[in-house]
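K.L.:
Read top to bottom, the protein sequences are chains B and D. All letters in the first sequence, in the order written, are residues 1 to 335 by the numbering used here. All letters in the second sequence, in the order written, are residues 336 to 597 by the numbering used here.
Keep in mind the hints are simulated off the structure, nothing from the lab. Model, not experiment: these values are computed from the prediction. It is possible that part of the hints are untrue.
[To be verified] Over the 12 angstroms line for every Cβ pair with chain D, so calculated as not near, a few chain B residues:
1. Asp49
2. Leu62
3. Phe128
4. Ile158
5. Ala162
6. Leu221
[Said to hold, decoys possible] Below, a list of computed lysine-lysine pairs in the DSS-like style, where the Cα atoms sit at most 25 angstroms apart:
7. Lys407(D) with Lys144(B)
8. Lys462(D) with Lys388(D)
9. Lys350(D) with Lys407(D)
10. Lys399(D) with Lys337(D)
11. Lys507(D) with Lys407(D)
12. Lys144(B) with Lys337(D)
13. Lys388(D) with Lys407(D)
14. Lys144(B) with Lys388(D)
15. Lys441(D) with Lys144(B)
Where is the CB? At the ideal position from N, CA and C, for every residue including glycine.
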Amino acid sequence: MLIARPKKPLARATIIGLLLLITVICSIVSIGIGAIRIAPLEVITALFDSSGSLNARIIQELRLPRILVALICGALFAVSGAVLQGVVRNPLASPDLVGVGAGAGVFAVITLILLPSAPSWFLPVGAFIGAWLGFALVLLLAQKNNEIAPVRVALIGIAVGAALGAVQQLILVRAPDDIGRALTFLAGTVYGADWSRVERLLPWLALLPVAWFLAYKLDVLAFSDDVASGLGMRLMLARVVCMSVAVALAAAAVTGVGVLGFVGLLAPHAARLLVGSSHVFLIPTSGLLGAILVVCADALGRGLIPPIEVPAGILTTLIGAPYFLFLMRQQGRIS
Amino acid sequence: MKLETQHLSLGYDDKIIVEDLNLTLEMGKITTIIGSNGCGKSTILRSIARLLKPKMGTVLLDGKAIHTLPSKIVAQQLAILPQTPTAPEGITVEALVRFGRYPHQKFLQQPNVEDNTAIEQALEQTKMTEFRTRSLETLSGGQRQRAWIAMSLAQDTPILLLDEPTTYLDMKHQLEVLHLLEELNTKTGKTVVMVLHDLNQAARYSHQLIAVQNGQIMAQNTPELVLTNQVMRDVFGIEAHLILDPSNGKPHVIPFALAVKK
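So that you can see chain D by itself, here it is in the shape it has in the complex (with noise of 0.2 angstroms):
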């Protein structure tokens, strides 16, 4: 499995946002794309998951450029979980998850074993077995997002890409999501890809870190080589005292000040 960009260049209507983007994914490791607003990591998320077609260059899954592949098989090797997902009100936690087989189910064929196997992992893994008859518009915040992303799982993509999924959330929850990221990377091996705003956050919890400003990536590798003064100038434009957590030995950022523009 590999994921990549060759030469991608995205925007709406006229409006260009990202140009010429070469960009190789991990795969097995947990990557944070991280950037000012508007800098257009959400953009080039939306891309990797076809929900935008490319203005010009390719996606490529495998060597294979992705808006050109059937939408289920892709459907098959990546999940991506959008920023406000709606669903049709009334459906409980179970029956949104159910909907997660979809790209592997034909037409008119029954849930197999396969499908329902799926279904009962996702719910565990997210420990929403017991909310399962539960429906969404009664959950919290939390457990919302803990549904979709079982939904997600249910797909039983190799990769999973998220756009900012713990934003709306509160503090604990937010973590809440973050652990279930990170164990469902450790124990199955699933490559995860999002867009975080809060950068310990993205320090913590990523394998690899993607620095985005204006479309270009300024930096791509482990967090403690992506968060340094220059970056935080640079992308943020913020002066911050960078120093290690001492729980993990994580870089952790301290803002103090706005960079002065040159």
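Extracted from the complex, chain B is given alone in its bound form (with noise of 0.2 angstroms):
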């Protein structure tokens, strides 16, 4: 991994308190930005406020949801990433690399197209569907002599991306009209992010905890494989407990705001650079990390030319395709 100083561990945590009180004020400042503008002091009396003034129910019903999908699912692609990066000991990993947005994304626009008619839910389902089956394509393609070598999984991450993107591509060109929801939904955005939607991404909140009591087991995979089983670790296990873990996160946030780019890979490098590669902390702070990123793109993309929205999955490629190339010269440079 790039740069990994050791850390006090007092300090790391005092990292992590930081940030989440960064994720509070950006979530405040955001729900106040919009068509109607909201000082932040005012969204918080409006978010207790029950008397059903017009500012409390804007916020209320329309803006809060929204800033918790965004949070929710800015934190869930962000460890998903910073478990993979750990599984596939490659700071450039991220949950598109296991096949997770290429699947999604295919299903998500065979479910729009092929069954237009379907209803409005069965997108996410598809979403859902595909990602997983993506990732199986990785993992079948990627397993040889029952074992998993990491850097299989990223070369042929990559490959299978690719198909999946060609077979999407195919079926957008091919496609008549309605494929603006596609587009949007490829490009990832909170857009008309309701209460039914917190509802239906809350339960997987629980995976959280999950990722981050497999800390201990990742920290151990960082080492080379001989030294890994020989301080006990079964490497193929530990390897599919984690990736799966990591692909049921990605897969969730992959039905809250589509596919969100690039979130999965700067979150959890730039919290590598705050707290070093100790999972422990690292998990954490990647979450904290990717749920910054997503409010502060939404909140970017809702304010920078009002009324017309950005989508946030927009701003996160923006800022994080440059990022990723930076990495790239970085990684180059020391290996």
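Hints given; two lone chains; assemble the complex.
P.N.:
Here is the structure:
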């Protein structure tokens, strides 16, 4: 991993506390942004206002669920990325690398275009199934002699992603009209998130502590294979369990905000710069950074050129792509 | 405690490297596997450490097949230091050594007194206590190797396996590592099994040598009985003078020519 100086636990705990604070502040400010601007202090009073005033209704019914969806999905994507980077032992890994993004994309497009009359809840279900199928395909192709080599996962993940992306393009090109929804979903957006979506996502939050419990295993997986097995780690089992948790996290996030690019790559990497590579600290830090990133991207998207909304996914990609290039250069310099 | 192999066949993919190997390792001793490049000595060590699944046959630890035992139970009995181990970047010596306790820890269990004692002892035995907060990358080759050995020691196993522990080290650090292993053996009775390239070091520090050629054991005995002109010729393909090291009475090999193939 790139830069990972040993850090004192206290300093790392402080960083996590600060990030928590920043998350709350960003959320409150972000709630105030939109067609009607509301000052942060008014946001706080309106949150607990049960009188049914206009501001209270705008915030409680429209903006709060949207921010919550952004927070939850940002954290899910980011933790998924942190776990995957650990398993694959590569800071350039992200949920898209194991076929999650591509699988979800293809299935979302298929459900939208081949089954136009399907109810709206069908799109996230399709994406969820697609994410797992994409992952299964990568796993199937990457395993050899009942072992999974991280390098193979990375390379095959890229190939599968490209192949599924082509399928998706093919369907989109052949598709006649209603591809707007599909494109928005593929770009990733928090637009239109309501309380039912928040409720649908809530159970998946239970996976965050699960990922955190895997921290010690992920630390051991960071050693070379023979060291990890020598310590009594069952590599194949540990890798499949960790990857499955990561895929479940990302697949759930996809159902909330679509294929939101680069959060799963960016957040864990930035987290590693802040708290080092010990996963006990890395996982919560990533989650918070991911939440902050998506909330800010969404707020920016709403505030830049109102009333037009720029999808959050486009903004995260705009930040993410140059950062990714920067990372590749850095990595190339070191190795 | 007993460690042996029965009818062990090893290889990678379709290539068989070791066939029908029967080997019993002496407990409480230092045993070194020697042989020329590609003879299968590392392969044998890796399979004893269950890093390599046998094609056929078994490695038995106290009569039980090592590949069917729970992985953590095996890791409590034998530690392996592979040839080129890698650790997460930026890890400190103490954090590294702490990972040696992994096989002893249960899910979500906090480190206990036993863990901490084992870590302190391992640091002390390897003289790494003063470097505990240093990150691995900032250490010299010899210190780094000692840190890895400390990790294996923290594992607190009766058996320690090492794959060429002196490779890439300069002369002084080589001796440092071998001295440390000798000390561990005499003081704590730890069984040490390793692969070494340098025959004279092997002779100097081992109770037993195992000479391997083409995956077969050509000789297994004390250094005096293994290092003969015949073995030099057959296993290593060299002609050598064999003298006694004046400082310790162990055999010393001075090669002078390539052996003529018959």
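K.L.:
Which numbered conditions among the earlier hints are violated in the structure presented, ordered from lowest to highest?
P.N.:
Of the numbered hints, 6, 8, 9, 11, 12 and 15 do not hold.
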